[in-house]
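Chemist: Residues per chain are reported as follows:
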Amino acid sequence: MRAAIIALVLSAFAGSAHAYPQFTLSQAQTCAACHESPSGGGLLTDMGRFTAEDLASRGGDPEFLNGAVELPDWLALGGDLRGALGASFVTDSDEGVWPLAFPMQVDFYLRAETRGVSANATVGLRGSRTYSGDPLSFLVSREHFLMWKQEDGASGFYARAGRFMPIVGLRLAEHTFYPRRYGPNPLYAETYGVSAGWLSGGFEAHLTGFIHDPFREPQEHGDGAALYAEKRFGTKAAIGVTGRFAQSDDDTRIVGGLTGKLWLDGPGILLQAEGLATQQSFDGLDDADRTQLIGQLLASYFVTQGWLLDVGLGHYDEDIAIAGLDRNSVDVNLHYFPWSHWEFLVTTRLQVIDFTSGGRSSGYGLFQIHYRL
Amino acid sequence: MTARTLLAGLVALAAAACGDEVDDRPATLEYITVAILRPSCGTVSCHSTGTMTEDLAFDTIEAARESIESKGLVAPGRPDLSPLVLVMRGVDLQMPPEAPLPDKDIELVERWIASMPEPE
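Read top to bottom, the protein sequences are chains A and B.
Heads up: the first sequence at position 112 corresponds to 112 in my numbering, and the numbers run straight through without jumps.
Add 1000 to the 1-based position in the second sequence for my numbering, that's all there is to it.
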């Protein structure tokens, strides 16, 4: 039974962070400046590799396999490998505190491009599972899509079709943050769809129409559309608006929200905030509609070369009409980038349910080692 | 936008947590599955119809019904004896393992089970 618990814990953490929006404002860039995908994550662009090298305290060749293999211009390969070690706890539980050690992320990326059109695919393992059947069920291709870009780089129009994560809000890397875990784009919520957008240093906008995955069990059960637009004001501030509609056989969800970013020159801190409201109605249950609120504030401090400290405050109210359904979190994450392909990361979380009445608490502390191919 | 504005927004969100003490949500499997079990338990990583961790799935109403019946997770009329409730309350096992459910959600599950007639 202990094995079953650990397996479930592993899966809750699996497939974690893959990108850092903390960098976008400071460089007046979008996610697509450093990542081939407008959603962020996955393969790095030339700019992304330069940033990885520049950020690391000891530098290092940022190219694929440290430059040991020279790829043709039309081909890009990469991957992310991540392991974790730590502990988790829940109060008022017989389980108390239990240790964790597991592979967190195994993703490989391929991109082939010619004349502005690229084929992109991600293949990996979907967390740590207790599959007893076909071993192939471990395998997952979270993203595979064809994309056209007007210009080589991070500006201009783009369009893509295939399987990817519809863009909503800040695209926070940590999937345990509430806007991801309880919001519209949780882990493995990639859908099939078509998307079009505009990218530039000062403004970006993305519109996606999507359907749930018809081939495998979906995380997102609905079909719908998503929108995100963000206006940046130099390297100091940005504000964004987002919306999403999804309808499944069981429910309809309408999400609206705002995002903001602010660079504080004095202390050298980047603040990011995201607030989402979700209106959910349930098929066949006329009086069961609920409104949910999700808020996240994240302060990021570049301590010194190669070191990044994040402090996050999160709030999630499952149903604002009923008391006692709120979750509140404090996250403290410390990143260390010693070389351009390596990251050492400590993530910690304390969560309290029903804050005003002092409900159950839970939390975790994880040490992660992340290697980018 | 200032830091004060950002903080004020977060405080406003927190203040909105003060809802009604009366929980009038439907105590039905259909509601509980879509509103609670699917997002907290029936994720693709855990108890989905594809993953089937511990041969359990809670991502669809039918899958939840089948899992509950086949594994005997509910003792009709007796939430205090129902494994589904016991794991949510952390008795022996804790589920979900690192993100426990609010008491109000567990109480809703208990009301649903209590509403079932006990077998003769």
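Hints listed in this document are in silico derivations from the structure and should not be mistaken for laboratory results.
Bear in mind the structure is a predicted one, so any value in this text is a computation, not a measurement.
Possibly wrong hints are sitting among the right ones.
[Said to hold, decoys possible] Sample of chain B residues lacking proximity to chain A, with all beta carbon distances greater than 12 angstroms (derived):
| no. | residue |
| --- | --- |
| 1 | V1034 |
| 2 | P1039 |
| 3 | E1066 |
| 4 | I1068 |
| 5 | A1075 |
| 6 | P1076 |
| 7 | G1077 |
| 8 | R1078 |
| 9 | L1081 |
| 10 | M1095 |
| 11 | E1098 |
| 12 | A1099 |
| 13 | E1118 |
| 14 | P1119 |
[Unchecked claim] What follows is a list of derived Cβ distance ranges for each label pair:
| no. | chain 1 | residue 1 | chain 2 | residue 2 | range |
| --- | --- | --- | --- | --- | --- |
| 15 | A | L77 | B | D1020 | 37 to 43 angstroms |
| 16 | A | A119 | B | R1065 | 37 to 43 angstroms |
| 17 | A | P338 | B | P1039 | 35 to 41 angstroms |
| 18 | A | L81 | B | P1039 | 25 to 31 angstroms |
| 19 | A | G256 | B | R1065 | 48 to 54 angstroms |
| 20 | A | L334 | B | R1065 | 24 to 30 angstroms |
Heads up, the beta-carbon is just placed ideally off N, CA and C, and yes, glycines get one too.
Chemist: Next, verify each hint and record whether it holds.
Modeler: Checked hints:
1. Residue-level check failed: V1034(B) sits 5 angstroms from the nearest beta carbon of chain A, not beyond 12 angstroms.
2. A cut-off of 12 angstroms between C-beta atoms contradicts the statement that P1039(B) is not in contact with chain A; the least separation is 7 angstroms.
3. Distance to chain A confirms E1066(B) as a non-interface residue, since its nearest Cβ pair spans about 14 angstroms, more than 12 angstroms.
4. No Cβ of chain A comes within 12 angstroms of the Cβ of I1068(B); the nearest lies about 17 angstroms off, and the non-interface call holds.
5. Every beta carbon of chain A lies more than 12 angstroms from that of A1075(B), the smallest distance being close to 19 angstroms; the non-interface claim holds.
6. Interface exclusion of P1076(B) from chain A stands, the closest Cβ pair being 22 angstroms apart, more than 12 angstroms.
7. With 12 angstroms as the threshold on Cβ separation, the claim that G1077(B) sits away from chain A holds: the shortest Cβ distance comes to roughly 23 angstroms.
8. For R1078(B), the shortest C-beta to C-beta distance to chain A comes to about 20 angstroms, beyond the 12 angstroms cut-off, and the non-interface label holds.
9. Non-interface call for L1081(B) relative to chain A: holds, since the shortest CB-CB distance, roughly 17 angstroms, exceeds 12 angstroms.
10. The Cβ of M1095(B) does not lie farther than 12 angstroms from every Cβ of chain A; its closest approach is about 7 angstroms, which violates its non-interface assignment.
11. Interface exclusion of E1098(B) from chain A breaks down, the closest Cβ pair being 5 angstroms apart, not more than 12 angstroms.
12. Separation of A1099(B) from chain A is inadequate, the least Cβ-Cβ distance of about 6 angstroms not exceeding the 12 angstroms criterion.
13. Under the 12 angstroms C-beta cut-off, the non-interface status given to E1118(B) relative to chain A holds; the minimum distance is some 26 angstroms.
14. Here P1119(B) stays apart from chain A, with its beta-carbon at least about 27 angstroms from theirs, past the 12 angstroms limit.
15. A hinted range of 37 to 43 angstroms for the beta carbons of L77(A) and D1020(B) is inconsistent with their spacing of about 55 angstroms.
16. Restraint check, A119(A) to R1065(B): a C-beta distance of roughly 41 angstroms satisfies the suggested window 37 to 43 angstroms.
17. Between P338(A) and P1039(B) the beta carbons are some 37 angstroms apart, a value that agrees with the proposed interval 35 to 41 angstroms.
18. Taken as a hint, the range 25 to 31 angstroms holds for the pair L81(A) and P1039(B), whose Cβ atoms sit roughly 29 angstroms apart.
19. A beta carbon spacing of about 33 angstroms between G256(A) and R1065(B) contradicts the range 48 to 54 angstroms that was offered as a hint.
20. Taking 24 to 30 angstroms as the suggested C-beta distance range, the pair L334(A) and R1065(B) does not conform, at roughly 45 angstroms.
This entry does not satisfy hints 1, 2, 10, 11, 12, 15, 19, 20, going by the numbered hints stated previously.
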